[in-house]
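Asks: Using the hints, position chain B against chain A.
Letter by letter, the chains look like this.
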Amino acid sequence: MTVTICIGSSCHVKGSRLIVEELQRLVAENGLSDDVELKGTFCTGNCVKGVCVSVDDRLYSLTPDDTKDFFEKEIKGRLA
Amino acid sequence: MRKFDTKVQHLKYKVLREVARYAFDGNLERAPLEIPTKIISGTEATMRCCVYKERAIVGERIALAMGGDRNNPNVIEVLNIACDECPVGGYEVTNACRGCIAHRCEDVCKKGAITFDHNQKAHIDKDKCVECGMCAKVCPYNAISNNKRPCENACKVKAISMSDTKVASIDNDKCTACGACVYQCPFGAIMDKSYILDVIDLIKKSENNTKYKLYAVVAPSISSQFTYAPLGQIISAIKELGFYSVVEAALGADMVAYKEGPELAEKGFLTSSCCPAFVDYIEKSFPQLREFISHNISPMATISKYIKETDPTSKIVFIGPCTAKKMEIKKESVSPYVDSVLTFEELQALIDSRDIELSELPLGVLDNASYYGRIFARCGGLSDAVKESLKEQNIDFEVKSVSCDGIEECRAALLKASAIIKSSGIEGVPYNFIEGMACKGGCIGGAGCLTHGEKNKSEVDKYGKEAYEKTITDAIKILM
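Residue numbers (numbering that gives the first Met the number 0), protein chains in the order written: chain A, 0 to 79; chain B, 0 to 479.
If we strip away everything but chain A, and leave its shape as in the complex, we get:
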């Protein structure tokens, strides 16, 4: 599974850095490093609602606070 996080300027300001840190931590803690590839991208043009994150080809808008729920549902949940 590939999870792509926007690190363009706009998402950066909205906290993409915190989301990256949180996801890296959660992936490692759950022993999913072999299953989940975290990648960065520049602006995907969808920045109005929050930080753009995509799981394979599905797009999501996150805030740093939603990250844990997102991980449980969309990453861990799908891999289970």
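If you are wondering where the hints come from, they were derived from the structure by calculation, not from laboratory data.
Every residue, glycine too, gets a C-beta built ideally from N, C-alpha and C.
Some clues are possibly wrong.
[What the hints assert, rightly or not] Calculated cross-link-like contacts (lysine-lysine; reagent style PhoX-like; alpha-carbon spacing at most 25 Å): (1) K469(B) x K38(A); (2) K67(A) x K476(B); (3) K421(B) x K173(B).
[Stated by the list, open to error] Listing some non-contacts, in silico: residues in chain A with all C-beta distances to chain B over 12 Å: (4) G30; (5) L31; (6) D55; (7) T62; (8) E73.
[Said to hold, decoys possible] Okay, the calculated beta carbon distance ranges per label pair: (9) G231(B) x L17(A): 19 to 27 Å; (10) R353(B) x N45(A): 24 to 32 Å; (11) R353(B) x K38(A): 31 to 39 Å; (12) L78(A) x K464(B): 38 to 46 Å; (13) G44(A) x S334(B): 24 to 32 Å; (14) G44(A) x R353(B): 19 to 27 Å; (15) R24(A) x N171(B): 52 to 60 Å; (16) L362(B) x L78(A): 38 to 46 Å.
Replies: Same frame as chain A, but now just chain B:
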């Protein structure tokens, strides 16, 4: 507020701006006919012998603004009719010579080139003189001057000589395209070729970033350049021109530093690869040191490669202070990633050609790179970043760096390293990392800069400190 250091830059800018206007309006074929009289409008000459010569020279500038001579592989070209054919006599005694009795000039001259006439005035025998300049230094009346062309003086790699017709001529086998002559020629007779037409074409064909996305990769020295408006508005202006996104080359610098640290520790001796003129200088003048050039492509190329990997159809324009970058993108290792290059001068011309009113624009953001990536723009920054990179990766290696400010310091460090390596290997060299910057002060002294002020270094440092990411690892953790 003043945008340029010199009137030569201003003239060059006006030509670029007009050419860009015609190109955006789609009537470029009229540009060579109409622009000369538009810029040189009156009947009184203000720069040359007559308005007709002034217009003819503007005509040459238009040709350079439109890409110049495609048969010449160099990006730096002489405008033959603009060259004033400055005197080239070398050291000469002027009429300030008082015919004193101390004769310090005679005593200091190791070649016996100084004689005196019946008025006791000094003369230099040109057959004996080696242009060492000692006589000029010791004369208490400063009566000996060095008539050297500003372009030749500026060119520390000695690529400029005069042709049979006394016009300056560039030896492409020595030229590193640093642009020092471009900035120093008081007549603006040497110019860098411009690729603004290619960039305008990229903007138009992207059809508002629907056909492909057009990225601007900006050099960190931008922070010291547009002194009349906040950086955020410049970022917005770049987008207003038609770019989809603006990315910092400094993020590429973080990526380079991250890899350069371990490479240095592994090899034990390295020369930096960020400055294309420095790399070119080693390749042309110190081929025996070629193996020590860092294998990292430059920050510009590194970040562009990353963008192209995430967005394969994207097009990328680098915007920076550097004329040598225009050569770098022709290299096989770089050309797949960077589509074109603009200097800050050219960016200014493009912004004004579209009559973009900066003060009305919102503050855009540029927030990716770390402090270390951003200070690459000034001399010494790269060495700091490499040290930080080793520290962050817990690699135990003592960096003994020498930061060379300008090509003359580069030459000195390379000469010394080359001699020692030849006799006793890399262990004998008192330093293990040569940070080379062809321009004085680093990129902030680049030929394509709008300003070359004293304050620029502190501006770059200030901008570096504004970075959210305090470490290199922070900035690139998701990218590597």
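Asks: Any of the earlier hints contradicted here, and which numbers?
Replies: When the structure is compared with the hints, none of them turns out to be violated.
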